[in-house]
Each structure stands twice: as C-alpha cells, then as structure tokens.
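Protein chains in written order, with this note's numbering: chain A, 16 to 132; chain B, 772 to 883.
Just to be clear, a hint being listed does not mean it is correct.
[Unchecked claim] 25 Å max Cα-Cα, derived BS3-like pairs, lysine-lysine: (1) B:Lys-815 to B:Lys-849; (2) A:Lys-18 to A:Lys-88; (3) B:Lys-812 to A:Lys-18; (4) A:Lys-18 to B:Lys-825; (5) B:Lys-815 to A:Lys-88.
[To be verified] Output of the computed footprint for chain B on chain A, the stretches with three or more beta carbons under 8 Å from beta carbons of chain B: (6) 52–60; (7) 118–127.
By construction, these hints were calculated from the structure, which means they are not laboratory data.
As the structure is a prediction and not an experimental result, all values here were calculated from the model.
Where is the CB? At the ideal position from N, CA and C, for every residue including glycine.
Residues per chain are reported as follows:
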Amino acid sequence: AQKITQTQPGMFVQEKEAVTLDCTYDTSDPSYGLFWYKQPSSGEMIFLIYQGSYDQQNATEGRYSLNFQKARKSANLVISASQLGDSAMYFCAMREGIAGGYNKLIFGAGTRLAVHP
Amino acid sequence: EAGVTQFPSHSVIEKGQTVTLRCDPISGHDNLYWYRRVMGKEIKFLLHFVKESKQDESGMPNNRFLAERTGGTYSTLKVQPAELEDSGVYFCASSTGQETQYFGPGTRLLVL
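Model the full assembly from the supplied sequences, consistent with the hints where possible.
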C-alpha cells in the first residue's frame, strides 16, 4: 500500500544553517511523483518542490533541494541558509502513476520546523 | 493570476446542521480536489473532479458528504448532517492535469 513516512515530528535549526527533513515512501508503482508543501501558521499549503520517479537529477528550487534516493525510497527536503520565515509545518506527499491518471496525493504526518535566530 | 480560493475561511456549526464549503480553482484548471485534515491526523484525499465529472471519490467518508462541480468551474462540498468528527480543515486544490496541485487556504470547520 502507498505510504509516506515522516519520522521527525519537530526539528530545530539555527538561522542561516541548512536543515534536512526526512521523508520515506512506499509504493509498488514504477511511476510516481513526490512533492513537498509548506504550511505556515496562517494555514495555507504552499507548493515547494517536485521530483518525478524517472527524473535523473535531484530537483532544486532556490534554497530548496530534494535529495532523491530511489533505491532507499527516500525523498528528503534540504533547506539551505534557513530563514526565520521558514518556520512552518512541512509535508511530504506522493502521487502515484505519472502516466496512469491516479492523481490523488498521499501525505505524510508532517514535520514542524522551528528556525531560531 | 489568482490562486485557489475557498469560502468560508472558518465555520462553526452545531451537530446536525448543514454546512456548504466552496472552492474556486485557478482559472483554466480542469482538475479539482478536496482533502481534509481532521485533528491530529494526516491530510486525507476526499475526491477528484475532472471538469464537472467525479474522477475519483474513493476518499469520501460517507453519504453525509456531497460534492458538486456544476459547469466545471467552482465546487461545493456539503456536509449534511454534520457530526463532531467532521471537524477539521478542508482543503481544495487544483491542477492542469498530472501536474502540481495548488492548494487553497482551507476552511476550518468546527462542529460543536
């Protein structure tokens, strides 16, 4: 069964340092997509980064990068040079079947990140 | 370009009452999704529209929930009658297809 696991309920990081948020997934479908979303205290879900299962390179978007290790079924989010505004809940999500039409997202439990000055 | 909008932002109702949530997707997005997060649990998929058709409603919890998307534009999610366990945050998302889903700000529902 499809599953997303985020083992870190909470993380702390010092401002300007890098932090890695863990995400592992389980699927039997060879085609899938992995997403990270940020949810600040205001509640909205903000899309950060996407990685397709067939992508050869790790995805990057500004200060965000996705450390995709397919054999280990992990898709960790790396935030470089943390800022106070990065304090939020972060969700890892998976969509199966890039070409198959299964569009629903499966979410992990989330990791709450606190950035300290 | 306007993002996904949801109305209301908050709703407090009593058990047994009816509540209707509305979602306006990003213009041109044929795909519309409803998700919810009940207290202390993970965000769960409810259903998926492609234009006005229900593509996947496997996540709808029971027949007290009714989703519609007349004309393939905005969507409504009605809960009738509401129960205590329906409390949570209801998110709507939209996409152009197999691409990234963009979420709205959510509706916080509290059933007393």
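Tested hints:
no.	hint	in the structure
1	B:Lys-815 to B:Lys-849	holds (17 Å)
2	A:Lys-18 to A:Lys-88	holds (11 Å)
3	B:Lys-812 to A:Lys-18	holds (14 Å)
4	A:Lys-18 to B:Lys-825	holds (24 Å)
5	B:Lys-815 to A:Lys-88	holds (21 Å)
6	52–60	holds (count 5)
7	118–127	holds (count 8)
Of the numbered hints stated above, none is contradicted by the structure.
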